[in-house]
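Asker: Could you build all of it, start to finish, from the sequences and the hints given here?
Line order of the protein sequences matches chains A and B.
The opening residue of the first sequence carries number 1 in full-length UniProt numbering; numbering runs sequentially from there.
The opening residue of the second sequence carries number 1 in full-length UniProt numbering; numbering runs sequentially from there.
Quick caveat, the hints were computed from the structure, so don't treat them as lab data.
These numbers come from a predicted model, not from an experiment.
Every residue gets a Cβ at the ideal spot worked out from N, C-alpha and C, and that includes glycine.
Possibly wrong hints are sitting among the right ones.
Said to hold, decoys possible - Lysine to any residue pairs mimicking SDA-like chemistry, simulated, CA-CA at most 20 Å apart: (1) B:246 / A:32; (2) B:246 / A:13; (3) B:66 / A:13; (4) B:374 / A:67; (5) B:378 / A:64; (6) B:480 / A:64; (7) B:66 / A:19.
As the list claims (entries may be wrong) - Non-contacting residues of chain A with respect to chain B, defined by C-beta distances greater than 12 Å in every case (computed): (8) 1; (9) 2; (10) 5; (11) 7; (12) 69; (13) 71.
As the list claims (entries may be wrong) - Short, incomplete list of chain A residues facing chain B, as computed with Cβ under 10 Å: (14) 30; (15) 43; (16) 44; (17) 60.
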Amino acid sequence: MKLSNLKVGEKGTILSFTDLDLSVKLMEMGCLPGEVVEVERFAPLGDPMAIRVAGYQLCLRKSEAEVIIINK
Amino acid sequence: MDIKVALVGNPNTGKSTLFNRLTGLNQKIGNFPGITVDKKTGFMKLANGKGAEIIDLPGTYSLYPKSSDESIVFQVLADSKNDSYPDVIVLVVDASNLKRNMLLYSQVADLGIPMVLALNMIDLSEKQGIQIDLDKLAEKLGVQVVSISARNNIGIDQLKLAITNTNKIATQFQDVDVNSLAPAAINAIKSKLNSDNDYYALQVLHQHEYLKFFTEREQDEIEAIEQSHHFESAKTQAAETILRYKNLSLILSDVVTDSDAAKKFTFSDKLDSILTHKIWGFAIFLLILFVIFNAIFAWSSYPMQWIEAGFGFITEAGHEYLPAGMLTNLVLDGIVAGLGGIFVFIPQIAILFAFISILEDTGYMARVTFMMDKIMSKVGLNGKSVVPMIGGLACAVPSIMAARNIENWKDRMITIMVTPLVSCSARLPVYILIISLIIPSKNILGVFNLQGLALMVMYLVGVIAAVLVAWVMKFLIKTKERSYFIMELPIYRMPRWKNVLYTMYEKSKTFVFEAGKVIIAISIILWVMATFGPGNRFDRIDQKYASALADTTKNTVHIETLIATEKLENSYVGILGHWIEPAIRPLGYDWKIGIGLITSFAAREAFVGTMATIYSVDGGDEDTSTIRTRMSSSVNSRTGLPVYTFATGISLMLFYAFAMQCMSTVAIVYRETKGWKWPVIQLVYMTAMAYFAALIAYQLLK
Numbered sequence: 001m002k003l004s005n006l007k008v009g010e011k012g013t014i015l016s017f018t019d020l021d022l023s024v025k026l027m028e029m030g031c032l033p034g035e036v037v038e039v040e041r042f043a044p045l046g047d048p049m050a051i052r053v054a055g056y057q058l059c060l061r062k063s064e065a066e067v068i069i070i071n072k
Numbered sequence: 001m002d003i004k005v006a007l008v009g010n011p012n013t014g015k016s017t018l019f020n021r022l023t024g025l026n027q028k029i030g031n032f033p034g035i036t037v038d039k040k041t042g043f044m045k046l047a048n049g050k051g052a053e054i055i056d057l058p059g060t061y062s063l064y065p066k067s068s069d070e071s072i073v074f075q076v077l078a079d080s081k082n083d084s085y086p087d088v089i090v091l092v093v094d095a096s097n098l099k100r101n102m103l104l105y106s107q108v109a110d111l112g113i114p115m116v117l118a119l120n121m122i123d124l125s126e127k128q129g130i131q132i133d134l135d136k137l138a139e140k141l142g143v144q145v146v147s148i149s150a151r152n153n154i155g156i157d158q159l160k161l162a163i164t165n166t167n168k169i170a171t172q173f174q175d176v177d178v179n180s181l182a183p184a185a186i187n188a189i190k191s192k193l194n195s196d197n198d199y200y201a202l203q204v205l206h207q208h209e210y211l212k213f214f215t216e217r218e219q220d221e222i223e224a225i226e227q228s229h230h231f232e233s234a235k236t237q238a239a240e241t242i243l244r245y246k247n248l249s250l251i252l253s254d255v256v257t258d259s260d261a262a263k264k265f266t267f268s269d270k271l272d273s274i275l276t277h278k279i280w281g282f283a284i285f286l287l288i289l290f291v292i293f294n295a296i297f298a299w300s301s302y303p304m305q306w307i308e309a310g311f312g313f314i315t316e317a318g319h320e321y322l323p324a325g326m327l328t329n330l331v332l333d334g335i336v337a338g339l340g341g342i343f344v345f346i347p348q349i350a351i352l353f354a355f356i357s358i359l360e361d362t363g364y365m366a367r368v369t370f371m372m373d374k375i376m377s378k379v380g381l382n383g384k385s386v387v388p389m390i391g392g393l394a395c396a397v398p399s400i401m402a403a404r405n406i407e408n409w410k411d412r413m414i415t416i417m418v419t420p421l422v423s424c425s426a427r428l429p430v431y432i433l434i435i436s437l438i439i440p441s442k443n444i445l446g447v448f449n450l451q452g453l454a455l456m457v458m459y460l461v462g463v464i465a466a467v468l469v470a471w472v473m474k475f476l477i478k479t480k481e482r483s484y485f486i487m488e489l490p491i492y493r494m495p496r497w498k499n500v501l502y503t504m505y506e507k508s509k510t511f512v513f514e515a516g517k518v519i520i521a522i523s524i525i526l527w528v529m530a531t532f533g534p535g536n537r538f539d540r541i542d543q544k545y546a547s548a549l550a551d552t553t554k555n556t557v558h559i560e561t562l563i564a565t566e567k568l569e570n571s572y573v574g575i576l577g578h579w580i581e582p583a584i585r586p587l588g589y590d591w592k593i594g595i596g597l598i599t600s601f602a603a604r605e606a607f608v609g610t611m612a613t614i615y616s617v618d619g620g621d622e623d624t625s626t627i628r629t630r631m632s633s634s635v636n637s638r639t640g641l642p643v644y645t646f647a648t649g650i651s652l653m654l655f656y657a658f659a660m661q662c663m664s665t666v667a668i669v670y671r672e673t674k675g676w677k678w679p680v681i682q683l684v685y686m687t688a689m690a691y692f693a694a695l696i697a698y699q700l701l702k
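Answerer: Below you can see the structure in the form of structure tokens.
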């Protein structure tokens with residue numbers, strides 16, 4: 001499933017990416033295959049979202065979270 | 001300087017704090033060619049008495065740039081002939097988030113420049129229960145590792161000592177087999193460029209388009225190698241990142257021990273649940289915006305009055321004691337007045353940047369972006385554009401400087417382009433004067449004053465125009481940069497008050513020295529145009545009134561006012577006002593308003609003073625009731641009809657709402673975008689918009 005489908009508090013392990021360019025940026029920011037991500041919160045208007053990954057908090061738009069395939 | 005040191009690191013690692021800590025006020029700001037980010041250099045004394053030049057490179061997560069500002073990091077580190085090419089790199093990492101920060105270390109290390117690793121925020125990471133074995137890390141990396149806290153002044157001396165002790169030849173291990181990523185292409189580049197560095201060759205393959213030091217022929221040859229070996233940039237970058245992280249996991253596995261992983265973020269999380277809350281989040285943000293607006297609008301008015309009074313005093317005293325003549329007039333009315341016009345902005349700039357640096361430092365600004373992104377990105381703006389736009393209600397100049405905090409180039413440009421449309425405080429005197437002329441002061445529905453409503457409508461017009469123009473520019477401005485919103489949300493921290501003071505000082509200084517040049521130049525041109533006229537017109541005016549002035553039995557104040565009026569009419573400004581009359585007649589203006597439009601370029605509120613001179617009001621711009629009476633009774637000499645009708649008034653207010661009549665804004669846009677392209681585009685589009693809005697309004701209402 002996609003990271004953007006998770007609800008607040010849910011965790012998943014990154015499997016792969018569906019967009020090569022975005023995957024480069026995401027991996028540089030610590031979102032590597034095998035890392036566990038947890039959804040921390042959504043912005044008040046529902047987008048973007050904040051996730052906990054690699055020991056810090058990262059925010060990204062839902063459209064960007066859509067390219068991250070995870071295993072819940 | 002004996003050696004050059006470059007600070008390299010991720011954003012939010014405290015790199016700038018370290019820079020301030022090492023250099024004190026011993027810094028200067030220059031330019032990197034072609035990009036908008038400032039080049040910050042400073043000086044410090046090392047332990048052995050030698051001097052070092054320090055350059056603070058833009059924060060980046062990787063050597064692969066995502067923006068033109070980030071691309072400067074590799075451009076400096078790749079080019080040994082670059083002025084800024086360092087002898088030593090200090091790689092600053094956040095000790096509480098070592099692994100992600102070390103990706104950049106691993107890339108930079110492979111370039112083969114001598115380096116020192118500085119683990120910043122060591123006190124914070126220890127508090128979070130993270131233990132780092134420095135000796136083991138140093139041994140595994142092959143470089144000196146120093147733990148510091150720039151914020152609390154821990155380990156700075158050890159860092160200086162480590163810089164002094166750094167070998168001239170790089171000692172770091174290069175564990176990652178870079179060559180395996182694209183062996184044939186890398187080897188071809190290496191033999192082409194006579195380099196023995198695999199990673200340098202790989203980086204050249206990736207981003208030679210950004211590198212200015214290659215000749216066109218070299219660029220073509222590199223491109224040819226790229227093509228013939230089917231080099232796939234994104235795929236190779238992905239493979240490299242995975243390879244580097246694998247290696248880092250291995251290195252860090254028995255170096256970092258994290259005892260208390262779960263509890264460390266509870267404080268930040270609690271704050272976030274309030275500060276980004278659906279209702280409280282916006283309420284608190286609105287409150288903060290109100291405090292900022294109030295501060296730059298109301299608090300800054302006191303120091304601004306002192307500055308104005310100070311420069312007024314210098315001018316008056318100068319006229320009294322210096323020998324009268326053209327040179328004195330140039331110095332006092334041209335240059336001193338111009339300087340006064342520059343210094344008067346300092347309170348607003350300093351106050352706005354005090355707030356912005358507190359909001360950035362605490363980590364709150366990142367949350368603002370997070371909350372506002374959805375609304376602002378719809379119209380082509382950024383979450384961070386909110387602060388410049390609100391600041392624009394007071395003054396566009398500090399607000400445009402504040403757009404610097406927007407990382408995305410396109411978002412920053414759009415913010416800069418539309419901020420002057422928000423009605424600033426200099427428009428207020430003009431709006432008030434015209435509203436009092438054309439809108440009756442009466443209440444409707446019992447409570448709403450019609451004049452107050454009209455003023456509010458003018459402010460709304462400004463904001464709506466800014467949003468609409470931003471939306472249009474979203475489609476017009478093209479960029480190669482992909483717009484990301486993948487951003488770190490740093491943990492909340494106390495602001496560093498010293499940094500706040502540095503920022504206030506640095507921004508004020510930059511404005512005075514960089515934008516000041518342009519303001520002085522325009523100020524002198526305007527002075528010359530208002531003080532001189534062609535031929536002997538001025539002599540004739542003096543002769544005409546000479547006898548009246550000589551009669552000491554009468555009050556000569558009004559005669560001097562009449563002279564000033566006639567001289568303004570016959571000056572170059574006056575002639576220009578007459579000359580543009582055919583162009584502005586369809587807007588309902590006469591040549592007198594034309595003169596006002598031209599002098600307003602010094603600052604919009606100058607319109608009121610100009611009207612005072614043109615209508616021969618003895619009290620100048622202080623005596624608004626006389627100005628109002630004179631203006632409302634003035635008739636057009638051509639048609640015999642009153643000049644200030646409802647239609648002309650609305651037309652004039654719309655013109656002031658949209659036109660770029662502010663040399664200080666032009667100057668700051670020039671300084672912030674590092675060129676004349678954007679200020680000229682802005683001047684043209686705003687003037688055109690003002691002209692057509694005024695034209696349509698007048699033609700419909702007359």
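Asker: Please verify whether residue 480 of chain B and residue 64 of chain A have alpha carbons no more than 20 Å apart.
Answerer: holds, 18 Å
Asker: Does residue 1 of chain A really sit off the interface, with its C-beta more than 12 Å from all C-beta atoms of chain B?
Answerer: For residue 1 of chain A, whose nearest Cβ neighbour in chain B is about 20 Å away, the distance exceeds 12 Å, so it holds.
Asker: Since residue 5 of chain A was said not to touch the interface, does its Cβ keep a gap of more than 12 Å from each Cβ of chain B?
Answerer: Holds, since 18 Å exceeds 12 Å.
Asker: Quickly compare the C-alpha distance for residue 246 of chain B and residue 13 of chain A to 20 Å and report which way the hint goes.
Answerer: Satisfied, since the Cα-Cα distance of roughly 17 Å is no more than 20 Å.
Asker: Has the given pair, residue 374 of chain B with residue 67 of chain A, been kept, meaning a C-alpha gap of at most 20 Å?
Answerer: The given pair, whose Cα atoms are some 19 Å apart, holds under the 20 Å limit.
Asker: Please work out if residue 66 of chain B and residue 19 of chain A have their alpha carbons no farther apart than 20 Å.
Answerer: Given that 20 Å is the threshold and the Cα spacing comes to 16 Å, the pair holds.
Asker: Could you grab the alpha-carbon distance between residue 66 of chain B and residue 13 of chain A and see if it respects the 20 Å cut-off?
Answerer: Violated - the C-alpha atoms of residue 13 of chain A and residue 66 of chain B are around 26 Å apart, more than 20 Å.
Asker: A cut-off of 12 Å on Cβ-Cβ distance, and residue 2 of chain A was said to be off the interface with chain B. Does that hold?
Answerer: holds, 16 Å
Asker: Was the hint right that residue 60 of chain A lines chain B, CB cutoff 10 Å?
Answerer: holds, 5 Å
Asker: Can we confirm that no CB of chain B comes within 12 Å of the CB of residue 69 of chain A?
Answerer: holds, 15 Å
Asker: Verify the interface restraint on residue 30 of chain A: the C-beta must sit less than 10 Å from at least one C-beta of chain B.
Answerer: Since chain B brings a Cβ to about 4 Å from residue 30 of chain A, closer than 10 Å, the hint holds.
Asker: Confirm or reject: residue 7 of chain A is not an interface residue toward chain B, with every Cβ-Cβ distance exceeding 12 Å.
Answerer: holds, 16 Å
When each numbered hint is compared with the structure, a violation occurs for hint 3 only.
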